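Here the protein sequences come in this chain order: A and B.
Position one of the first sequence corresponds to residue 1 (my numbering), numbered consecutively onward.
Position one of the second sequence corresponds to residue 1001 (my numbering), numbered consecutively onward.
Treat the hints as calculated values from the structure; they're not laboratory data.
On a predicted model such as this, the values are computed, not experimentally measured, just so you know.
Check before you lean on any hint, since a few could be wrong.
Said to hold, decoys possible - Simulated DEER-style distance windows between Cβ atoms:
1) B:N1141 <-> A:A173: 43 to 49 Å
2) A:S62 <-> B:N1141: 40 to 46 Å
3) B:A1079 <-> A:V278: 30 to 36 Å
4) B:L1133 <-> A:N6: 22 to 28 Å
5) A:V278 <-> B:V1420: 19 to 25 Å
Glycine included, C-beta positions come from ideal geometry on N, C-alpha and C.
For reference, the chains in residue letters:
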Amino acid sequence: MINWGNFVSQMFNGLVLGALLALISSGLTIIYGTLGVLNLAHGAMFMLGGYAGYVAYTYTDSFIIAIIFGSLFVMVVGLVMELVIIRHFYNRPDEDQLLVTFGIGMCMVELVRLGFGSLSLTVPAPKVLAGITSLGFMFYPTYRLALVGIIAAALLALFLVLYKTRIGMIVRAGIEDSVMVSSLGINVYRVFMIVFGIGAMAAGFAGIVNAPVVSLTPDMGDAILVQTFVVVVIGGVGSFPGAIIGGLIAGEIISITSMINPGYAYVMLFAAMTLVLVLRPHGLMGSQSRG
Amino acid sequence: MINQRRYLVEALTAIGLILAPFILPHLGFAPNTVNRILVWGLFGIGFDILFGFTGLLSFGQAALYGTGGFFAAYLLTQAGFPHVVTALFLGMIASAVVGYLVGLIALRRTGIYFAMITVAIGEVFYFVEFNPLADWTGGENGLPGVPSPSFDLGFTKFTFSSGWSLYIFLAFWYFIGIVVALRIIRSPVGAALRAIRDNPLRASAVGHNIHGYKLTAFVIAAAYAGFAGGLLGVMQAFMPPDAFMFHTSAELVMMSAIGGTGTLFGPLLGATIWLFLQDFLQAALGLGAAWKLVLGLIFVLLVCFLRRGIIGGIVDIYDLVTGKKAAREAAAEAAEAADAAGTLEPSSATASTPKLALRAREGDGYQGPILQATGLTKRYGGLAANSDINFTVNHGELRGIIGPNGAGKSTFFKMLTCEVPPTSGKIVFEGNDITGQSVTDVCQLGLTKSYQVNQLFSNLTVRENVTIAVLAAVRGKFKLDMFRRIDKVPGVTEQVNQTLAMVNLTARADTPVAVLAYGEKRRLEIGLALANSPSLLLLDEPLAGMSPRERVETVKLLRSISQGRTMIIIDHDMDALFELVEKVTVLQEGRLLVEGTPEEIKGNPIVQEAYLGGVLEQ
């Protein structure tokens, strides 16, 4: 029989994971939508955010500084990566872009492994958010509850940047038609670089805020990357709302299936993706023009 | 290139495999390393057919490698199945069946979607192996005790257990794998796969069922992966669960990219470099865990600077040393200059060339208009590109379509060839309602189009281009003649030669398309549409971008093509068009404005109004 307390608690876990996936996927999806590059190093950037935050935390003991340093560090990595390598791949075939970003991701993972070893590291939750909170009908770790709020705030910030600023307008226009945007006299390369930086920062931010929930390992990004792909396929490539909806769906599927039998979590996730591919090949919120 | 000397590659492969045990130990390769290289190499042959030849980059091949491996290992260790080779083949079949099912899902999309879906599928298989199927696969323990192959000949018994004796067994299967793969890539199916990599749009427009061929490539890759997976178990006497891991897929991709794709041998070379460096960096340089970082950096640098991998680099250096590249570039420039000067004289040959006989089709004997479109409308959101066009063309007619820019001419053509479905209306071709059919089916019925912007297979030669189109005509849209040589398909060589002669490219048959002059590319574009001897040929601005001299020659070419054929031509060169066609249709703002003979159209004040504006008022 299903234990209802357990079920609700898993629903919350699904919400936390879903929000996390939504944030990481939005980073991936705005990069793809604007630049046309699927960044296979995105999982590694998520991992990098966690480790950068870990370093900042061990030096300062401040979680806030860890968050800021972690996100900014990954943003800078993203900017440099775009400037030095990705920029030269816009006119090359899709598969070259996939190969090069995959290779970069692998180098990041191995570099971190070299510096920090393969053993897992932990970042404790900030003291105010430590412990558990009673929700009346059940107890739930306080930090996980807060995490939903933190990620929601980050998604809101991303939404405001995308929908309320000039650069966001250019990005959204670029997703629809990047040729038109460049012919309007806008320096697309600068926009591309900024978008890559923002997308990377989303992954890095997710990496550090999630660090107290999981332990850090160099290849923690692999599993997240796979889940992110499923989210993007379900939501539709290039769609910000699609990433959020897809993220929540994927998070709940993983959590609820895990409660019954963890072995089937991926099978169910995959079944959902297949269903979407059969019924709506371009994803729930995707449009045909984005391919 | 690969066809020049029969069995040369096969012979060299055999020699290489025989010599390897005598040479490689001196270079520091242990027999077990060489054996692992062979298993990767065999796994990679199938992957190269999928990625290098068909252009489908899969990050999920481990799923199929593991499936085949565990299937064979289960039969041998748990089910008490005695015969190793049979078990390997059963594993291969299991993997091919799974590959077919996976392909059905993954191939619903292409490009990055395909890559993402294959990653996800790979991960699903990994988790399924660990959990739901743990009772059969041993979960994280894998399946130990996979027996070595042995053959009892009565008087003596051969056992291929480890080291160089196992090498003989693996090298034999690698050789078989290469021979089979070479047959496949030299077959019509191989030609279709290359066409898909180069230009999927045109591959389907010349009448190939590209989805079917992609699925074929996926299943072939799955079969290779499954067999190699089985060999992995045999080699290690243990089927490891990490065969299913993402890292296995990723290493395969990296090895192939390092070695060079599209050569079949790239993965073997890549695996050699990979495993050699792994040993070298770890043992000789004492780098420990950093070896993977070094390999990663090498991989990134190779992708950045050496697009076609080590083999591609060697070919480039060879060309540079022998001066082949310079010669090719010089030839290209010469062709450009010659074509611009008009010295090639396309017309001189066309007058006497044999005409392509019209192919017998189901629609033959049908009387009445060859094409009838009624109420054809296409809307893009609020914009009506075409509205309510009624259009009829009779057998043998030569029709011209004119109209100002933005009149909807190209959209109209796209609907007629079923590249885009009409919002409403009906298209009847030779009595068949073709509305909503695919461009491939329509091409097979005998309606083709030459594109306004060249859609060629630009990495292939002129002859290969035309061959691809002719193969679709003589074999139908899908046929699995994987072991047949292209020149053994009846009628292909003749039809290719006739088509080349008709568009006067016989002398340029073995030239890569990339180095053709513009006028020649334009003629090849028409040639591709002509290759299946269509009963109705649509030409979208065949004269666009041509010099006045080229125009004259091309008009002559079009006239010679039109013998016994129905053609519809869009062009802005009205002098040329009026001279060529019998009847002209004028489109304006997505509507049919007027139809008539060239003389009627020339004198028609409405047409003048449409083009110049304000003529009526004067």
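So, against the hints stated earlier in the document, which numbers end up violated here? 1
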